[in-house]
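Construct all of the structure, not just a fragment, from the sequences and the given hints.
First to last, the protein sequences are chains A and B.
So the first sequence is numbered by our numbering: it starts at 1 and just counts up by one.
So the second sequence is numbered by our numbering: it starts at 1001 and just counts up by one.
If you are wondering where the hints come from, they were derived from the structure by calculation, not from laboratory data.
Take every hint as true, because none was put in to throw you off.
Residues on chain B that point at chain A, a partial pick, calculated with CB under 10 Å:
no.	residue
1	Y1006
2	L1009
3	R1016
4	L1017
5	S1024
6	G1305
7	R1310
8	R1311
9	A1312
10	L1313
11	A1316
12	P1392
Here are the in silico distance ranges between beta carbons for each label pair:
no.	chain 1	residue 1	chain 2	residue 2	range
13	A	D3	B	I1019	40 to 48 Å
14	B	L1034	A	D218	51 to 59 Å
15	B	V1287	A	C185	54 to 62 Å
16	B	T1030	A	D99	14 to 22 Å
17	B	V1381	A	D192	45 to 53 Å
18	B	A1012	A	D192	31 to 39 Å
19	B	A1377	A	Q94	27 to 35 Å
20	A	H162	B	A1377	32 to 40 Å
21	B	V1287	A	R73	41 to 49 Å
22	A	T9	B	V1370	52 to 60 Å
23	B	I1019	A	G133	25 to 33 Å
24	A	R74	B	T1030	42 to 50 Å
Computed footprint of chain B on chain A; a stretch qualifies when at least three of its residues, placed anywhere within it, have a C-beta under 8 Å from a C-beta of chain B:
no.	region
25	79-85
26	103-112
Computed from a predicted model, the values in this text were never measured in an experiment.
C-beta: ideal position from N, C-alpha, C; glycine also.
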Amino acid sequence: MTDPVLQLTRVGKTYPGTPPVPSLHDIDLTIHSGELVAITGPSGSGKTTLLNIAAGLDRPTDGEVRIAGYAVRRLSDRRLSGLRAYHLGVVFQQFFLIDHLSAVDNVAAGLLYRAVPPSERRRAANEALERVGLAHRAEHRANRLSGGERQRVAVARAIVGHPSVVLADEPTGNLDGETGAALLCLLRELNDRGIAIVVITHDAQVSAAMNRHVALRDGRIVHDDGRAP
Amino acid sequence: MNGPPYPRLRGADLARLAIVGPRSRPVRATLSILGIAIGVAAIVAVLGITRSSQADLLARIDRLGTNLLTVADAQSLTGERVQLPTTAAVTIARADGVRHVAPTADLPGVQVYRTDRIPIYRSNGIAARACDAALMSALEGQLASGVFFNAATARYPVTVLGHEAAQRLGIARPEATTRIFISGHWFVVVGVLRPFELAPEIDHSALIGFPIAAEYFTYDHHPNRIYVRTDTERTEAVVDLLAPAANPEHPETVAVSRPSDALAARLAVVDATTSLLLGLGAVALLVGGIGIANLMVISVLERRGEIGLRRALGAARRHVAGQFLAESVVLAILGGGVGLVLGVGVTVTVARVQGWSALLPAVAVWGGLVAAIAIGALAGVYPAARAARLAPTDALRSV
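Here it is, written out as structure tokens:
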């Protein structure tokens, strides 16, 4: 099997406070390139904390996280930012597009912090938009797009830099059933081309569309059908 | 293994990021730069107007000449008035470097009226003064109309009016029959002078000849004010020679002055008001800086989502800080630019109204812009630090 793109070993996370709030316990999770994973669980089960840690946006209090082979614990904040810039793509429930920029400029922002020259950024962004089926909307401003289109732009931004893994937090949460289903199709298509995708969701339908299923409850993994026996 | 590469942001991209905020909220950005604009406009206009007026003053001093000196009688050490000797003008004329000498004498108690019907107490503040034709060459005077009296006509009751005196008496151009009434005697007005900037006392006088002054009034052949025109390059040396030349026995009772010094003094006076106005401009700049800092703090709060997104896309703390700092500087530069245009506009308008040529010191332009940029950078430090400190997870959660 190939090297894991994401490897969490005995990861725990406790938020400081009085009393401290434990969120994750003993998470062991390994994701290889090309996988299509759903992480499910009810609200408060620690899904978002897990995504933040997996996306290098937060650090665990216990255990070890390796992203694209790099041990997060040993990285400075600046190196960790570099890891996000070069190896990770993230899709949020709220899209987070910059409204007054065009679709293609929003996608190109995915390469902004790699110092890629503007012309090269636009070329890659147009290519990514084509892959998500939005080439015809490239020059439209983000706030003129529909919800489904906006989320596709966000997906294009996540994949524009050819990351090792794309993490999506409730990507269909703000979409209606039909556009949500279309987005899932898109994620499957991208996965078919070899991109590892991890979707965090509480939606059984979304989860069903994925190949591997990981269930969280009270900060622990209670089910993982991809775990090596 | 060293770890992944550092994230990098191109300078041109940073510049583009700096206008994201102002572009999405143009009205707010416009309001926030007003303080800086007003401050820079004030500084540029004050310095511009000052420089223009000083240049005008210098040009006037240049035109009037700095080589005119006056010699007047003064008080002795014991406090009594000591008259200049009757021979003072002659002895002064012998001094080295003196080109023209023109003695004049006040005629105390002699009043000037338009006609003999004017009540005696309404003398209009016009003095009668005795002189001769040398006055015209010493003061480089010019006649607005008519002629000056000469050695021959000075014996007759004729008068030449100073500019201001002619206006107060209502005489624009003298005709052959124009007469005025000087302390019981009719005098024919033969000429009217143009104003003398360096000898305003002449402007308020009715000038008459020495012989007629001696005949009608109490003129005793003692001059009390002598105008001396020197060789320009020897003026300084001549100043010291004049008192002993005028009164060799008591040089301490002679007052020598240089009228152009009064004009030159005005150059220095300008500075006091200038620094006051510059101070006001600086206060406006400071308030403008606080306005920008305020806007940026609000902007950081409002754009937490954007900050979180940029961190997720790989921006390091320094990139987020740089973006907000650059935005603050961009606002300040915009404010400075607007202020500069306003300041130049005000300077040019004032100069045109006053008839000066508009001059703008380079230090005003560069100083104003540099001050604006420095204040923008200072105003951006705190908001930028706050934005950079924001944890990405907090930033993303808050939306």
